[in-house]
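**Student:** The chain contents come next:
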Amino acid sequence: MNSKILKELCARCALALNDTENERMVADLTLILDYVDQIHAVTTDGFEPLIHPLNIGNVRELDEPETTRHQDLIQMKSIETVEDFYVVPKVIKP
Amino acid sequence: MAFATTQDMNEVASKWEAVIGLEVHVQLNTRTKLFSRTRNGDVSAAPNQSASLVDLAYPGTLPVLNQTALTHAVKFGAAIDGSIAKVCLFDRKHYFYPDLPKGYQISQYSHPIVSSGVFNLWNENGQAKAVRIRRVHLEEDAGKSIHDRLPNETVLDFNRAGTPLLEIVTEPDLRTPSEAATCLRQLHALVIWLGLCSGNLNEGAIRCDANVSLRHRGSNRYGTVCELKNLNSFKFLKRALRYEIERQVAVLSGGASVQRETRSYDPASGSTISLRPKEQQEEYRYFPDPDLPPIPISDEFTSQIKTSMPELPETVRDRFVKVYGLATDQAYRLTLEKPLAELFEATAKLCKDPQLAANWILGEVIAIRKRTQPQTPKITITATQLAQLIERVKDGTLSLNTGKELVGRLWATDLDLDEIVKTHDITQISDRDQISEWSAKVVDENQELIPKLLDGEEKLYEYFIGQVMRLSRGKANPHLVRQALERLVLADEKHCSNENDD
Amino acid sequence: MDPYQSLKQLRQLLDSKQISVTELCQYFLDRIAQFDQRTNSFVSVEPEQVLAEARSTDKTIDQGVNGQLTGIPVAHKDNFCVRGKRTSCCSNLLRTFIAPYDATIVKNIAKAGGIYFGKTNMDEFAMGTSNQTSVWGPVRNPWDLSRVPGGSSGGSAAAVAAGLVPVATGSDTGGSIRQPASFCGVTGFKPTYGRLSRYGMIAFASSLDQAGTLTRTAQDATTMFQILQSHDSQDATSVPSSINKKVQIKHPLTIGYSASLLNGLDSDIVARIEASRNTLEQLGSKFVDVEVFDQDLALSSYYIISCAEASSNLARFDGVRYGSRAKSVSSIQDLYEDTRSHGFGAEVKRRLLAGTYFLSNNSSENYVQKAQKIRRMVYELYNELFQKVDVVLAPSSPSTAFRLDEEHDSTDMYRQDRFTVPVNLCGLPAISVPCGLVNGLPIGVQFIGPQFGDELILDLAERFQKETSWHLQRPKI
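Chains as they are written, first to last, in the numbering used here: chain A, 1 to 94; chain B, 1 to 502; chain C, 1 to 477.
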């Protein structure tokens, strides 16, 4: 872990840290990595990754639209909208 | 950069070969979205009115898979004879973009629902080319960013967010822009045929990206690939590929190398523009979505779908040639759309004249649809109506023109043909005396034109026939009119020569 | 009026009209007004609305409507969405967020007649073991106000311990119900993954998160569990009602126990755990020595997975559609960065960055998959273990409540969870019950069951509490 890697991570996380925070974060992440790096010492051959603790999953069998009008619920929204559109600073088309 | 002459192009074509693969996004026409119970594809909804708390990624909300979307995906997989996964698994693909509500897209990365299928491209001569399908997977669509509505802001509409998409990725088996366009056109036809997609290109129901590289003809190696984005019509796909191939030829011919990058097609200029180099491409941090446990896809489920599948276009096409004796190009055109194929087969059986049925459908029926409802592909004439019409024209009850006109009259109605004929008095008139009388009147009124007619100005006959038809209010049998006119004109000629003899 | 009455006792008081719902609610509101300045366990209480609901409930009681919880105050941890109420996850980012819908858990409580009493304090986005990362300030332990209540459900644990509310909901991703229950001397129950809906509970790490309760007694936990459990078609991980894998309640039990777990613990704590064992033996249970998984390894796996999932789950907080949003920004990048940088506290940032690192191209194979394989090893070990024993006994926390001003580095704090995370890795049910006082501070012991052994461990806990009185101890607040 170093400030260069941290900078990349911040970009991917959409976070901006100031210099003090940066320094502290490098130290903290180093400590965390030092701790979890012990996993590399273990042989896990023959073990499939476990992603879900239960072997159960539901699907929705009914392809019917719901009747709840969500926009009525969202009346309380605090974010600025214009003519029903959400608004953000101009995004230069990628 | 465009090449000036065909000669240049031929030279290029003899030296270079394009290698093209497509990534096609098909919006599935399920009633609800992929992971929420919001109505899907509600194009009439005001902005953000068709976006639920789940679609807007409200804190605490969770996705639940719409099984119909899964069924659709398996159906497509079966149609391309692909191998269907044993479980349905979803991954998260992370990136920040304002129209992506969760900060990740739920997609399938490690376990596409279908892998290694084959899609047979047909041309009008009935020849097929096998295009291998690398993978087909389910994912959710993002919302829409609208950049040109406000001067300093981008506005967002999340109605589209969560729409189920089927992403179809071909192997790079295509070699020319028109082959690629044919591939897209036939994929488009297939998903509509299977009932998976509205097919409405204007609404973005099918969207396409293309990967293209060049290599020396005869080489087995692949060149550096550029990805072209936003090729959302058959025309744009073809144009963009043409431009891009020319661009890459120019780069390579100049001794430089093609950069691996993502490019966007700009329909206005007809060119492709670099978006970002490949190295800078985002890292998506894929990982299995913990909110969506794996859903087993049992053999029973798959075989149930397979048995309920409609007959595929190529099977139908074969039958039209073998059983009904159609030419391959007619069979091809009739099987681009399931309703056309169904109308043909039913009509052919009723009127017992497959060739006429094919002609009428590919001619008049398609023409009237294009004229009256260019937006919807619906066929609104029944096989019974059409077969009756064909029979009445064949037995001379109706003139060909009246028959054609009647397709329009029957369109989108449940009217009975014989009723219309009776009530509107449009039976064709084949009474020779009546026709002779009208013809004589027209010849009389146009004496000054007779010499020209005699000089062999055949086109004038059309005029004369038209005049007779007008007198008959369109009901005279045009074939008999022509006969009558010829007789009269000939008589006139004799008369004239007799005068000269005097 | 005694604030420490069980649900059963309160039910009797209400049903026999010895007290009205309005009086009961007023009583607990008064206690909150009197004591909560010290503990800071609530982050929002609206007395007027509570009383209005209480008055209308009194009327329905007169009409004979009676649910299991009718008229009984219930507080919700601040990560459960309650319609029309601020649901902040104790984060600056959501400090103005009003939830537009009810979490399924909240609905179930309302359906049973419970009175929504307010939101309890927690670590920001449930990330923490001391309840010090809340944007609304730390919670103080009612047993000693200079100490932490544990976390992340510290507000719920402290509120129940201080007699400010009879029951409160919590969430447990790596011990967030059981560790604060241990620190505050209350009963903390984390059910089998999937038995309580996660819909409307703001996610920290989806494959580990499970809702649960903080109550005075195991019997109350059982009552609450019956009310809260339901199949939820809005949660793909919710156990369908058609699946009935419930482990039959039986007694006496074979209980697994590993003496090596206690290595390095304070001898007074070890003594309390040993005493619990004796109690259970007197009840007829048989103890079997078992091997448990390497704690630090399980903990590492847990941190990698939970941080990875959190970094993904919290990506939705971008300031575009809801929540606090950076003002006067000129670019979308600034909108994201300003919103998130000001919205998230240091601990959340740390975990998001670590999680992003674990998921990044070069590391995802290295870290996340490896961690998931270790998770599989832990899972299989517990599977085997439950072939031999009915329940496993373990400490709930390695220490009693520590002081607010104690310095801990992050990994030190993370090791607080070492007895609790294996349960989440495997989706098991576990309950922490008070088993003693050490230097005047409570400590808990954990009963861990196999998947779907919820009723079994609740029954064991009830039996344990019939023989002990630690759960009846009260802090002098």
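Just so you know, the hints here were simulated from the structure itself, not pulled from any lab data. Owing to the predicted nature of the structure, the values given are computational and were not obtained by experimental measurement. All residues carry an ideal CB built from backbone N, CA and C; glycine is no exception. Don't take each hint at face value.
[Stated by the list, open to error] Simulated restraints, written as ranges between beta carbons of each label pair:
#1 B:Arg215 - C:Ser330: 41 to 49 Å
#2 B:Gly126 - A:Thr81: 51 to 59 Å
#3 B:Gly204 - A:Glu48: 32 to 40 Å
#4 A:Thr81 - C:Asn439: 55 to 63 Å
#5 C:Tyr4 - B:Leu150: 44 to 52 Å
#6 B:Arg31 - C:Gly137: 43 to 51 Å
#7 A:Glu48 - C:Asn263: 47 to 55 Å
[Unchecked claim] Over 12 Å on every C-beta distance to chain C, these chain A residues come out as not near it, computed from the model:
#8 Asn55
#9 Pro65
#10 Glu83
[What the hints assert, rightly or not] Keeping only pairs whose Cα atoms sit at most 20 Å apart, straight-line, the calculated SDA-like set for lysine to any residue is:
#11 B:Lys238 - B:Pro47
#12 A:Lys90 - B:Pro47
#13 B:Lys93 - B:Glu227
#14 B:Lys144 - C:Gln333
**Student:** Decide, hint by hint, whether the structure agrees.
**Tutor:** Status of the hints after comparison with the structure:
1. B:Arg215 - C:Ser330: 41 to 49 Å: 46 Å Cβ-Cβ, so the 41 to 49 Å window holds.
2. B:Gly126 - A:Thr81: 51 to 59 Å: Because 55 Å falls inside the window, the suggested range holds.
3. B:Gly204 - A:Glu48: 32 to 40 Å: Because 39 Å falls inside the window, the suggested range holds.
4. A:Thr81 - C:Asn439: 55 to 63 Å: 56 Å, holds
5. C:Tyr4 - B:Leu150: 44 to 52 Å: Check failed, 59 Å falls outside 44 to 52 Å.
6. B:Arg31 - C:Gly137: 43 to 51 Å: 48 Å, holds
7. A:Glu48 - C:Asn263: 47 to 55 Å: Violated, since A:Glu48 and C:Asn263 (Cβ atoms, about 31 Å apart) do not stay within the stated range.
8. Asn55: 10 Å, violated
9. Pro65: Given a closest Cβ separation of 15 Å, the condition holds.
10. Glu83: 16 Å, holds
11. B:Lys238 - B:Pro47: Distance of about 33 Å is beyond 20 Å: violated.
12. A:Lys90 - B:Pro47: Given pair A:Lys90, B:Pro47 holds - Cα atoms ~18 Å apart, limit 20 Å.
13. B:Lys93 - B:Glu227: At roughly 19 Å apart (the allowed maximum being 20 Å), B:Glu227 and B:Lys93 satisfy the hint.
14. B:Lys144 - C:Gln333: Since the Cα atoms of B:Lys144 and C:Gln333 sit roughly 18 Å apart, the hinted pair holds (cutoff 20 Å).
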